[in-house]
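If you read the sequences in order, they're chains L and R.
Remember, the working numbering sits 141 above the position in the first sequence when you count from 1.
Remember, the working numbering sits 1 above the position in the second sequence when you count from 1.
Since no wrong hints were added, every one of them can be taken at face value.
Straight-line alpha carbon distances no greater than 30 Å define the calculated BS3-like cross-link-like pairs of lysine-lysine that follow:
1) R:309 - R:139
2) R:255 - R:139
3) R:444 - L:232
4) L:232 - L:269
5) R:462 - L:232
6) R:27 - L:286
7) L:204 - R:444
8) L:269 - R:444
9) R:382 - R:509
10) L:269 - R:270
From the structure, some residues in chain L lie toward chain R, with a derived Cβ separation under 10 Å:
11) 152
12) 157
13) 201
14) 214
15) 218
16) 225
17) 262
Because the hints were derived from the structure by calculation, they are not lab data.
All of these numbers come straight from a predicted model, not from anything done at the bench.
Glycine included, each C-beta is placed from N, C-alpha and C at the ideal position.
What follows is each chain in one-letter form.
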Amino acid sequence: MRDLLECYPPSTEYMLDMLHDLQDAEPRHYLTKEALRAVAAYVDVPLSEIISTATFYTMYSLKPRGRHIIRLCESPPCQLVGAESILDILKSHLGIDVGETTEDDAFTLETSSCLGVCGVAPAMMIDKELYGGLTAAGVVDAVEKVRRNDASG
Amino acid sequence: MRVARGHMLIGINEESLLVGAREVEKALRDALAAHGLAEEIDVIETGDLGATGQGVAISVYPDGVLYVGVTVADIGEIVSEHLLKGRPIQRLRATKKPSTPTGLTGKQPRVVLENCGLINPESLEEAIAAGAYEAMAKILESGMSPADVVETVKAAGLRGRGGAGFPTGLKWSFTANDDQVYVVCNADEGEPGTFKDRLILEGDPHRLIEGMMIAGYAVGSSMGFVYIRGEYALSIERLSQAVDAAREAGLLGKSVLGSDFGFDIEVKKGAGAYVCGEETSLIESMEGKRGYPRLKPPYPGAVGLWDKPTVVNNVETLANVPPILKNGAQWFRSLGTESSPGTKVYTILGQVNHPGLIEAEMGTTLRTIVEDFGGGVKDGKAFKAALIGGAAGAFVCADCLDKPMDFDSLQELSAVLGSGAILVLNEDASIVDLLDGILSFFKHESCGQCAPCRAGSVALKTLSEGIRNGTGSVADLDKMIEIAETMQVMSLCPLGQSPILPIQTALKHFRAEFEARLQAPVA
Chain L
142 MRDLLECYPP STEYMLDMLH DLQDAEPRHY LTKEALRAVA AYVDVPLSEI
192 ISTATFYTMY SLKPRGRHII RLCESPPCQL VGAESILDIL KSHLGIDVGE
242 TTEDDAFTLE TSSCLGVCGV APAMMIDKEL YGGLTAAGVV DAVEKVRRND
292 ASG
Chain R
2 MRVARGHMLI GINEESLLVG AREVEKALRD ALAAHGLAEE IDVIETGDLG
52 ATGQGVAISV YPDGVLYVGV TVADIGEIVS EHLLKGRPIQ RLRATKKPST
102 PTGLTGKQPR VVLENCGLIN PESLEEAIAA GAYEAMAKIL ESGMSPADVV
152 ETVKAAGLRG RGGAGFPTGL KWSFTANDDQ VYVVCNADEG EPGTFKDRLI
202 LEGDPHRLIE GMMIAGYAVG SSMGFVYIRG EYALSIERLS QAVDAAREAG
252 LLGKSVLGSD FGFDIEVKKG AGAYVCGEET SLIESMEGKR GYPRLKPPYP
302 GAVGLWDKPT VVNNVETLAN VPPILKNGAQ WFRSLGTESS PGTKVYTILG
352 QVNHPGLIEA EMGTTLRTIV EDFGGGVKDG KAFKAALIGG AAGAFVCADC
402 LDKPMDFDSL QELSAVLGSG AILVLNEDAS IVDLLDGILS FFKHESCGQC
452 APCRAGSVAL KTLSEGIRNG TGSVADLDKM IEIAETMQVM SLCPLGQSPI
502 LPIQTALKHF RAEFEARLQA PVA
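Bound conformation, chain L alone (with noise of 0.2 Å):
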């Protein structure tokens, strides 16, 4: 954890930064008590004020999240394009629901307010891969996909 955060000068000016190194590194996508405890400390500013700063920003998470992160987007442009019966599909498939993670911590499901990518809405992210274009069947073909590779790999 400390080689992470000596990456950069102990300011806060780095702080975003480190929080995001520090998520990545942990498998369950979080920050840890562990971590924010160490970024305060490597700051010299009050736990609170980190703990105040991570939970503003929707890609910090504080509590573990599932080995695979589902962003769906929910913008206009993708909400026009049937965003919201592929999010029904995702939620029944899953068994959860927006911000929930599944039973054998394989997904989390969350919502973003605009991916970017208009231009294949409706579209989704598992962890850093794309998905757009997505139809009924593509959306629980593309979690399979990754549920298969976890059991092969």
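Dock chain R against chain L, hints included.
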């Protein structure tokens, strides 16, 4: 130096990657090698080729042939028929006009997107060959003073492309003198339906770097920052790489092009907050805090990043600066309209045949954009409305189709140009549902600092949901306007001031649709 006989440009961006661009590129390279063409034909990764939504696109030069929807299976045929025998594969050729013609139609003046899709964004050499850093060199060479640069931008009439349309030269001239002044590029592109800045960053990063250098020279700054949305992984990667390459070549650093002027750039990554697109929130976020907007005045030009004078400009605005300095203010004024010179980069989306990124002169009508660039409304349906400017934008109807679009003429129609997102809606689109989506967005993105926006955005969503599912009443429609008007007057920043626009314009044009929904709820 080896000179290639031909070039094949393959569009690599977030969208093409997801339809297998990487696999196609590999197959192409393999096939060229297998046919002994690897030395003769260069494969170049480029940005958006203007064929959004049409799969993997490859353009072949010098032939000027654009292929779309290319799959791995087509590669063998392209190589053996087109490259070896000179017979282009007709079935793969783009039949629809590309939304950003790569010099194919020659109809669109391209200023900002001039090089997007034509150069390898990861190569400094290609950028320079295409004219990058010429404007900066010209300034230093000719001994233009910072004040001359500001005057040129003022004379060109360049207005901020982030949404507000504030004159850029004026903003620069308002920036105070200090021992340290900062230039910040706002690349926190979060307006729903907008991805123009992403494609500029991914397609021609050196143009932005040069624009920032010139801005730095003009306002007496030696340090610039680019604040990019955390979600834009590829943009962050490409820009960081370009900054490193420029620094290595002596274009950035203590002595720009061997002159006394020093300028450097650091790339900052956001963490997911729409409000950070507001300039003072963005500054707070850069300082490592919650992205709460500051009270204005003082404006960032006086008190900005770390309390130093700071000029904050949008990506597209800065991308316009090098060509203005290179070609002069008069040239820029020859494009667009009197009050809004130049071009505008739009994202055209929704129910149109060719969604994507386009660049058109200011003053181009909505009809031209929808019909010529967008290929018309999808499935031959009738045009119902367009939402211009994203969630913070306005609905306009068919009667606006022939009005020229620029900052001022849209204001006359109680609309805004905003970020340049144009969401086209056909006769089947439900304004009630769409407005509800927009209000969910504001509820989610309200930062919570000031009460009118925090409480108002929740109340608006509650009312809208009631209307959408038919449990509300007609009185709620006026209540929505009342709340949004209060927010407009009382909120601290443009976020809270925005919902009034989509609500008011939706109700102005489509009130009957809302009333009908209340009478006959959708099951």
